[in-house]
Every structure is written in structure tokens, then in C-alpha cells.
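Novice: Since the structure of chain P is already known, use the hints to place chains D and U on it.
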Amino acid sequence: MTLESVMFYVLSSIGIASAVLVVTRRNPIISALWLIVNFFCLAGLYLTLHAQFIAVIQILVYAGAIMVLFVFVIMLLNFRDEHTLFERVTWKKNVAAGLGLAVMMEMIYIIMTAAYPSAHYFSRSGYIGTIENLGVQLFTKFLLPFEVTSLLLTAAIVGAILLAKKKMD
Amino acid sequence: MIPLQYYLIVSAVMFVIGAVGVITRRNALVVFMAIELMLNSVNLTLVGFSAFLGDASGQILVFFVMTVAAAEAAIGLAIIIALFRKKLTVNLDEINILKW
Amino acid sequence: MISELSIALVLLPLLGFLFLGLFGARLKNEKIIGFLGSAAVGISFILALFIFAQMAAAGPEQRKYTVNLFTWFSAFTGSPGGLSISAAYQIDQLSILLTLIVTGVGFLIHIYSIGYMHGDPGFWRFFAYMNLFIFTMLNLVLADNFVLMFLGWEGVGLCSYLLIGFWYEKKPAGDAAKKAFIVNRIGDIGFLLGMFLIFAAFGSLNFDTVFAGASSVSRNNSTMLWICLLLFLGATGKSAQIPLFVWLPDAMAGPTPVSALIHAATMVTAGVYMIARCSILYAAAPAALTVVAVVGAATAIFAATIGLVQNDIKKILAYSTISQLGYMFLALGVAAFSAGIFHLMTHAFFKALLFLGSGAVIHAMHEEQDIQKMGGLKKYLPVTYRTFLIGAIAISGIPPLAGFFSKDEILWKTATGDQGSWLLWFVGLLGAILTAFYMFRLVTLTFEGEPRFDEHRLHPHEAPKTMTVPLIILAGLSIAGGWIGIPHANALEHWLDPVFAPAQMKLLASESGSTGLEIILMIVSVSAAAAGIYAARRLYLQYPGKERAAAKRFPVLYRILSQKYYIDEIYDAVVVKPIASISEKILWKGIDKGAIDGSVNGAASFISSCAQLLRKVQNGVAQFYAVMFVGGILFILTWLLFR
Numbered sequence: 001m002t003l004e005s006v007m008f009y010v011l012s013s014i015g016i017a018s019a020v021l022v023v024t025r026r027n028p029i030i031s032a033l034w035l036i037v038n039f040f041c042l043a044g045l046y047l048t049l050h051a052q053f054i055a056v057i058q059i060l061v062y063a064g065a066i067m068v069l070f071v072f073v074i075m076l077l078n079f080r081d082e083h084t085l086f087e088r089v090t091w092k093k094n095v096a097a098g099l100g101l102a103v104m105m106e107m108i109y110i111i112m113t114a115a116y117p118s119a120h121y122f123s124r125s126g127y128i129g130t131i132e133n134l135g136v137q138l139f140t141k142f143l144l145p146f147e148v149t150s151l152l153l154t155a156a157i158v159g160a161i162l163l164a165k166k167k168m169d
Numbered sequence: 170m171i172p173l174q175y176y177l178i179v180s181a182v183m184f185v186i187g188a189v190g191v192i193t194r195r196n197a198l199v200v201f202m203a204i205e206l207m208l209n210s211v212n213l214t215l216v217g218f219s220a221f222l223g224d225a226s227g228q229i230l231v232f233f234v235m236t237v238a239a240a241e242a243a244i245g246l247a248i249i250i251a252l253f254r255k256k257l258t259v260n261l262d263e264i265n266i267l268k269w
Numbered sequence: 270m271i272s273e274l275s276i277a278l279v280l281l282p283l284l285g286f287l288f289l290g291l292f293g294a295r296l297k298n299e300k301i302i303g304f305l306g307s308a309a310v311g312i313s314f315i316l317a318l319f320i321f322a323q324m325a326a327a328g329p330e331q332r333k334y335t336v337n338l339f340t341w342f343s344a345f346t347g348s349p350g351g352l353s354i355s356a357a358y359q360i361d362q363l364s365i366l367l368t369l370i371v372t373g374v375g376f377l378i379h380i381y382s383i384g385y386m387h388g389d390p391g392f393w394r395f396f397a398y399m400n401l402f403i404f405t406m407l408n409l410v411l412a413d414n415f416v417l418m419f420l421g422w423e424g425v426g427l428c429s430y431l432l433i434g435f436w437y438e439k440k441p442a443g444d445a446a447k448k449a450f451i452v453n454r455i456g457d458i459g460f461l462l463g464m465f466l467i468f469a470a471f472g473s474l475n476f477d478t479v480f481a482g483a484s485s486v487s488r489n490n491s492t493m494l495w496i497c498l499l500l501f502l503g504a505t506g507k508s509a510q511i512p513l514f515v516w517l518p519d520a521m522a523g524p525t526p527v528s529a530l531i532h533a534a535t536m537v538t539a540g541v542y543m544i545a546r547c548s549i550l551y552a553a554a555p556a557a558l559t560v561v562a563v564v565g566a567a568t569a570i571f572a573a574t575i576g577l578v579q580n581d582i583k584k585i586l587a588y589s590t591i592s593q594l595g596y597m598f599l600a601l602g603v604a605a606f607s608a609g610i611f612h613l614m615t616h617a618f619f620k621a622l623l624f625l626g627s628g629a630v631i632h633a634m635h636e637e638q639d640i641q642k643m644g645g646l647k648k649y650l651p652v653t654y655r656t657f658l659i660g661a662i663a664i665s666g667i668p669p670l671a672g673f674f675s676k677d678e679i680l681w682k683t684a685t686g687d688q689g690s691w692l693l694w695f696v697g698l699l700g701a702i703l704t705a706f707y708m709f710r711l712v713t714l715t716f717e718g719e720p721r722f723d724e725h726r727l728h729p730h731e732a733p734k735t736m737t738v739p740l741i742i743l744a745g746l747s748i749a750g751g752w753i754g755i756p757h758a759n760a761l762e763h764w765l766d767p768v769f770a771p772a773q774m775k776l777l778a779s780e781s782g783s784t785g786l787e788i789i790l791m792i793v794s795v796s797a798a799a800a801g802i803y804a805a806r807r808l809y810l811q812y813p814g815k816e817r818a819a820a821k822r823f824p825v826l827y828r829i830l831s832q833k834y835y836i837d838e839i840y841d842a843v844v845v846k847p848i849a850s851i852s853e854k855i856l857w858k859g860i861d862k863g864a865i866d867g868s869v870n871g872a873a874s875f876i877s878s879c880a881q882l883l884r885k886v887q888n889g890v891a892q893f894y895a896v897m898f899v900g901g902i903l904f905i906l907t908w909l910l911f912r
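Residue numbers (this note's numbering), protein chains in the order written: chain P, 1 to 169; chain D, 170 to 269; chain U, 270 to 912.
Just chain P, with the same shape it has in the complex (with noise of 0.2 Å):
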């Protein structure tokens, strides 16, 4: 078994167990927890598919920004009456969980049975990961999408700002 290999089953085991905690902690803050484990789990099987770039942005972006803002908020928001949070298990819930298993069953299916092209365009991709390779990309042919998403953090700024604000005014 390659050290390769050994990345991956023991990084998505870890990834999966956390994604399952995340959901069925009870507690917002345990939940955020798990979820920055998930992400580091994430960032180093990118780093097996040879993103180096994606994982880096993966755990700058998402473990330390994103999160740093659940969490802030978690703590901002005192929730008073947390026994209305109490979750219970019910039939409801059995029932979607019991569709969300379906639909899982059905994607192992066509991701078992379905054809996939050779894989020696494999070789490349250390090449393609690169911060110089996606850096030439970004800044030709998706520099229209590149300088739209500014607009889109502008546009995201100005609305959370003005959601946040105390008085609606």
C-alpha cells in the first residue's frame, strides 16, 4: 500500500466521521468543530489529487475565515432558550434520512457502473495544480469571471452589512 493510498482511506474515514458529527451534534459549537476537522481532511485529499493551490485556499478560506464567522456568530447570537433546539428523533426525520440513504445508494450505483476515461492525463496533473498554472489561468481565460466575482464580494459586503445593522431604516 502506497503512503498515497493511505492518505486517502485514512483522510476521507476521518472526513466522512466528522461530516456525520457535524450533523448530529446537538451543540452549534461541537458542530462547528467537526466541520473545521471535515475541512482539513478535505484540504489534504486535494493535496493526493495534486491541488496544492485548492487545498491551501481550502483551509485559508474556508477553516479560517468561513469558520471563524460561524463560530463568531455562534457565540454573538446567546441563544436564551436552547431546550426549543432540543432535537428529538421522530419519524420525519426517519424518513428523510431514509431518502438521503436512497439517493446515496443510487449515486454509489452510477458511480460504480458508470465508464470513466483513461486515466494518463493523471501524469500531468502536478503540473496543473500549480499556484503559476491556475495563476495564468485566472488572469486569461477567466479573467471576466475573476473580476465579476469582485462585484459579487461587493455585492455581498453592502448586503450583510445592511442586513446586519441594528435598525432597518
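Treat the hints loosely; a few may be bogus.
[Stated by the list, open to error] In silico PhoX-like links for lysine-lysine, alpha-carbon gap of 20 Å or less:
{"no.": "1", "chain 1": "P", "residue 1": "LYS93", "chain 2": "U", "residue 2": "LYS885"}
{"no.": "2", "chain 1": "D", "residue 1": "LYS255", "chain 2": "P", "residue 2": "LYS165"}
{"no.": "3", "chain 1": "P", "residue 1": "LYS92", "chain 2": "U", "residue 2": "LYS885"}
{"no.": "4", "chain 1": "D", "residue 1": "LYS255", "chain 2": "P", "residue 2": "LYS93"}
{"no.": "5", "chain 1": "U", "residue 1": "LYS584", "chain 2": "U", "residue 2": "LYS300"}
{"no.": "6", "chain 1": "U", "residue 1": "LYS821", "chain 2": "U", "residue 2": "LYS885"}
{"no.": "7", "chain 1": "P", "residue 1": "LYS165", "chain 2": "D", "residue 2": "LYS256"}
{"no.": "8", "chain 1": "P", "residue 1": "LYS166", "chain 2": "D", "residue 2": "LYS255"}
{"no.": "9", "chain 1": "U", "residue 1": "LYS447", "chain 2": "U", "residue 2": "LYS885"}
{"no.": "10", "chain 1": "U", "residue 1": "LYS584", "chain 2": "U", "residue 2": "LYS642"}
{"no.": "11", "chain 1": "U", "residue 1": "LYS648", "chain 2": "U", "residue 2": "LYS734"}
{"no.": "12", "chain 1": "U", "residue 1": "LYS846", "chain 2": "U", "residue 2": "LYS858"}
{"no.": "13", "chain 1": "U", "residue 1": "LYS584", "chain 2": "U", "residue 2": "LYS440"}
{"no.": "14", "chain 1": "U", "residue 1": "LYS584", "chain 2": "U", "residue 2": "LYS439"}
It is worth saying that the hints were derived from the structure and are not from the lab.
All figures in this text were calculated on a predicted structure; none of them were measured in a lab.
Specialist: Chains D and U alone, transformed into the frame defined by chain P:
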């Protein structure tokens, strides 16, 4: 070398866990986290295909997804704060005005 | 030149209608309204005269003009079965004659109406409707295709409806208007179906194309027979012939000028005009001509017998109109088309005169219409009396007045024409005697003898100038109007010959009678008319009580005649009541309320109960919607996998 299918299966499992989280949890914040989970599982798929097809477009798309996710997190959390101020709860069962 | 003039001729009354209809209510001044309304028609008449003069100056070959305004509608033009209808006017010898009658008589009646309608709150409305009538009638007359003619046909029907129900606050007027409209609708179905058949047979609705096609079809063709019979059904509706005449007597509920213009002089003759226009079609189906002749003769005598015992001055004239229209159809039926048009023209003069005279009488008697309550009006209404007497002599057929020439020509053609027969001639002669009798009964009871009203309470007075002048002019026309059709020097027949020649040729018509026979028949008919006049004067002047005694002796006959053969009652029992009860019991309560309303309401309540179930899905919880998403994904994946 790990075959592409394995990555896809991991992604599918995580996606479904996220989806089940979205439809079962009552806490809006946890639902939000589950949505992030779903977005990340899709990112894994994109990166996997990118690597196996030798095409950088998948990774560029992940980059954009992350940007959108950041924007969405900012807006979504702001909405949750505004909602909490108004109704003093983040329980989705009690927020049921999205009808008629 | 002619085309511009003819467009102006048609549009002027329309402009008059639009102006009076839009602004008439604000124009308080009756003089302005009356002037505008009359001027629109008067100028039209002058234009028509001008066109007529130009046509007369041109040679007989150049007396036909087609004025194309615009393409009204078209479908699949260029391919077989295609249809193209243009708003186009055809001015020829026949249509210009009718135009002159419509605008000329119409103008006089407009002038008369200024006096007659004086003080009526609906003064402007009356003139607006009258102008609209002239416009639609001109469309009917001048149309160069069946569709535009039908537009005019329906338009005059509408104006007739509006004007019969002019005093709509009176229930009889409203009922009469509806009756006229509905009865006419039955005839219109015939006209429409006839049009469809024509289109199916000739692939066009243009007069020229259809008539050119008809001149080459074989005689006794069953399609042609059906076309002619259906068109004739339309004519019986508009021209009040058996079996659809019932609306005309009731139509007298309208103002008297309306009765004169629409229900005597012009609109009711539209059927005669239509059949004369389609003479070539009828020539291809001689059997239909026979039907026309028989129905015309039957109507002539039938209506005349009813007219004998009526007491309402306008009703007598209405039955007389029906009877005279019967004569016109008799003429058409024996292929004497120009004689029919001739009688149409003279009848327009003297019947308009008689109606206007009766209007003057009614005016003088303060809306009294029962001739049993009149008498001795001679000294109060000298002008009216004299003109009315001229009209009565003219309609009775005494030479040299107008009615004599036209009626005599009809009787002559009936007796000797290829399509005629001596039986029809005899019926016509009988009708002539009856006509003379009931007209002089009317004159005698109204104007002569001792007054049968309270002379101290009621002071009849002569009508104003605006009313008497038209009477005098019409009286002049009733005298002289027939001179254009003097036998053997028949200018009118000569004028109309190009229009009717193809039909005559197709029928291979020839005259078999000799001049000697013609003179004998003339003497017979004149002496018959004179006998009728003499009998009426003797009976009603010298033995005033005789009528009641006669009524006592023949109670059944008298009752049948005075109740108009119970035709209205029969129609009511056979047609109206069953339709009404079927409508109410089956169509309304069964089908409409039960099936249609039931299914509609049932569908609505079914949907609403389904919605009551489905609205539970819309519970407002976003997570539930997300569950639906996942369910949808599951469904789609399953579908894709296992289809």
C-alpha cells in the same frame, strides 16, 4: 493510484450527509454548516475530475465556488442575525412564513 | 369623378350619423339638428342626380362603374377556395335608380320629420338613426358583392330595430322592435346559407363573377334552385312576405316617418331589389321563380283581405304595404323584373305619401289612430286630404296616376308572360279590387262623413309647412312617377334592360299577348279598381252602419279577418311557445343549470377540494421544501436508472 470512483464515492457520501443535515436539523446555524458540507463535497468532485482529466477548469471552478461560499456565508449569517433579532429564535420549525 | 362622387354620396349620411350621434345630445337646437340630418341626405340625393345625369349622357355600354374602396378581408387568395371580399360599390342602371329613390324619398321624409318629431326628447337620436339607415341602405343597394350587401342588409335591420323601438319606454314598441329583429333573423339565415351555397358553387361572392358563372350553368340545376329558395327566404323576412310578414304590422309602433321611410318605401323593398339583382340566378332556376310568384300573389291577396277590416290607420297601410310588396314579388316571379322595380318605385312614392299623410292625421288628432273615431277631417286638413286622396287613387290603379302603370304592367306580364298564368292574374286582379276598396274605406272613414270625435274638445289643425311640402312633392311624384313606364314607350324598362337582359335571354322570355288583349285587360283592371272605389264609398258614405251589420251576419269571417287569420296566435302556439318551453325546461333547467353549470361548478369545487389537500404541502417550513427537493432527486435518479 486511487481510482477516480473512490473520490466520487467519498464526495457522494459527504453530500448526502450534508443533505440529511439540511433537512433534519432545526438549528439554522447547523443547517448552514451542513450546506457548507455539501458545497465542499461538490468541490471534491470537481478537483477529482480536474486531476483525472488533466484540465485546470475544475480547479478554477472550485476557486469560484469558494468565493461564492464566502459571500453566501457572510450574507447568510447576516440574515440569521437579523432573524434572531426579530424572532429571538433560530429554530426553523418556528420560522414558517414562507407560504401562500 | 363618378367614383369620388359615389363615395361622398355614401359617406355623407354616415358623417351625419356620426356627428349627430356624438354631438347631437349637446346640440339643443332642433333646427340645426334637423338641417344637418336632412342636408346630409339631400346632398347625397343631389350627388345621385348628378351621377344619374352623367350616366344618362353616356352610352348604354358605359353605364356601369365599379368603385373599389379597399379590400375588406381575404383568405387564401390565389388558391382554389380562396376568398377575397372588397368594399366596392357597383353603380349601374338598377342601383342608381334605387339610390335615387332612397335618397330622394329619404330626403323628403327627413324634411317631414323636422315637423313631425318637433318637441320629442329624442329628436337628435331620431335623425342620427335615420342617417345611419340611409347609409346602410345605400350600402345594400350599391354593394358589388354579396357580403357588403349583407352588411347593408343587416345594417338596415338594425336601424329598423332601433327606430321601431324608438319610443322604447313604451312596451309595445320595444316588443315590436324585438319581433321585427328576430323574424328578420330567420330570413337572414336563409340569405347567409344562400351566400355560402353561392360561394361553394361559384367560388366567389362578387356579383359580376357569380352572375357570369350563373349565365352558363344549366337550367333546372338543383344547386341553383336551393340558392334561389334560400335567398328568397331572406327576401321574405326583409320584405314581409308569407310566412315571415308578421313583424311589419307591429313595426307601426315606431314613429310615422319611420314607417314611411323604412317600412314602406325603402327597406322592405330590399328583398325585391335583391331578387332583381340576382335575376340571372333565378333565371337558372325557373322553379324558384314560380315559388316567388305564388308566394307574392298569395301575400298580395292575403294581406289585402286583412286590410279590409282593420281600424288602425297605420295598420291598414301596413297590410297594404305587405300586399303591394306581394305584387312586386309576383312581378319578379313572372320574370317581369323591370315591372317589379317599376312598382317598387311608384309604390315608394305613393306609400310614403300615404304614410306621411296618416302621420299628419295622427298629429292633428293628437295621437289617435283609430279611423272609427275620425271622419270629416276634410275641412280641417285640406292639404293632407287632397294629397292623401291622390295617394289612394294612385295605389288603387286609376290612370293616369303612377300606380296604374306599374300595377297594370305587372298584371299584363302575369297574364301573358312565359312564367305567368291566368290564375295568378286573377288573384292579382282580386287583390286590386280589394286594394281599391280598403283604401277608399280608409279615405272615407277618415276624411269624409260626419266627425265621430268631440269637435269642441279636439281641434284638428293642418300640419306645418315642413310636413305639407313633402306631401305635395310626393303627391306630384305619385301622379307623374308612372309616366316613365307608359306601355310601348317604356323608358324605365329600356333603361333597366342591360341589367335584366341576361336573365331574360336565359329564360328565352317572349311576349305572347297582342295589343288588343292588353287594352282589354287594362280596361278590366281599371274598372275593377273603380268598382272597388265605388263600393267602398257607397258602403261607408251612404250606409255607415252597414259594416257592423255585415260583421254580425258573418261573425266567423269577420273575426278571422280582424284577428289577422290568427297568424300571430298560430306562430305563438306552434313556434314561440314550444321554443320557449324547450328553452326553459330542457335547455335552461336541464342543460344549462344541470349539465353546464353543474360541470363548471363541479370542476371548480373539485379543484378547490384538491387544493385544500395540496395546500397542506405549502406549510411554509423551508426544510419541508428541501425534503421535497431530495424526494425529487430520488425520483429523477430512479427514473433515469430504471426507465
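Novice: Each of the hints needs a verdict: does it hold here or not?
Specialist: So, going through the hints one by one against the coordinates:
Of the supplied pair hints, the one linking LYS93 (chain P) and LYS885 (chain U) holds, its CA atoms being roughly 19 Å apart against a limit of 20 Å. Proximity of LYS255 (chain D) to LYS165 (chain P) is assessed by CA-CA distance (about 12 Å); at most 20 Å being required, the pair is judged to hold. With a C-alpha separation of about 15 Å, the suggested pair LYS92 (chain P) and LYS885 (chain U) falls inside the 20 Å cut-off, and the hint holds. Our distance criterion of 20 Å between C-alpha atoms is broken by LYS255 (chain D) and LYS93 (chain P), whose separation comes to about 28 Å.
For the suggested pair LYS584 (chain U) and LYS300 (chain U), the alpha carbons sit about 31 Å apart, so the restraint of at most 20 Å is broken. Using a Cα cut-off of 20 Å, the hinted pair LYS821 (chain U) and LYS885 (chain U) is violated, with the two alpha carbons roughly 85 Å apart. Of the pairs offered as hints, the one joining LYS165 (chain P) and LYS256 (chain D) holds, with about 16 Å between alpha carbons and a cut-off of 20 Å not exceeded. Under the criterion of a C-alpha separation no larger than 20 Å, the hint pairing LYS166 (chain P) with LYS255 (chain D) is consistent with the structure, at around 11 Å.
For the given pair, LYS447 (chain U) sits about 54 Å from LYS885 (chain U) by alpha-carbon distance, which is inconsistent with the 20 Å threshold. A C-alpha spacing of about 15 Å is found between LYS584 (chain U) and LYS642 (chain U), which places the hinted pair at or below 20 Å, so the restraint holds. Between LYS648 (chain U) and LYS734 (chain U) the alpha-carbon distance is near 18 Å, which keeps this suggested pair within the 20 Å criterion. Of the supplied pair hints, the one linking LYS846 (chain U) and LYS858 (chain U) holds, its CA atoms being roughly 16 Å apart against a limit of 20 Å.
Restraint check for LYS584 (chain U) and LYS440 (chain U): the C-alpha separation of about 18 Å stays at or below 20 Å, so the hint holds. Straight-line distance between C-alpha atoms of LYS584 (chain U) and LYS439 (chain U) comes to about 18 Å, which keeps the hinted pair within the 20 Å bound.
The structure shown violates the earlier hints numbered 4, 5, 6 and 9.
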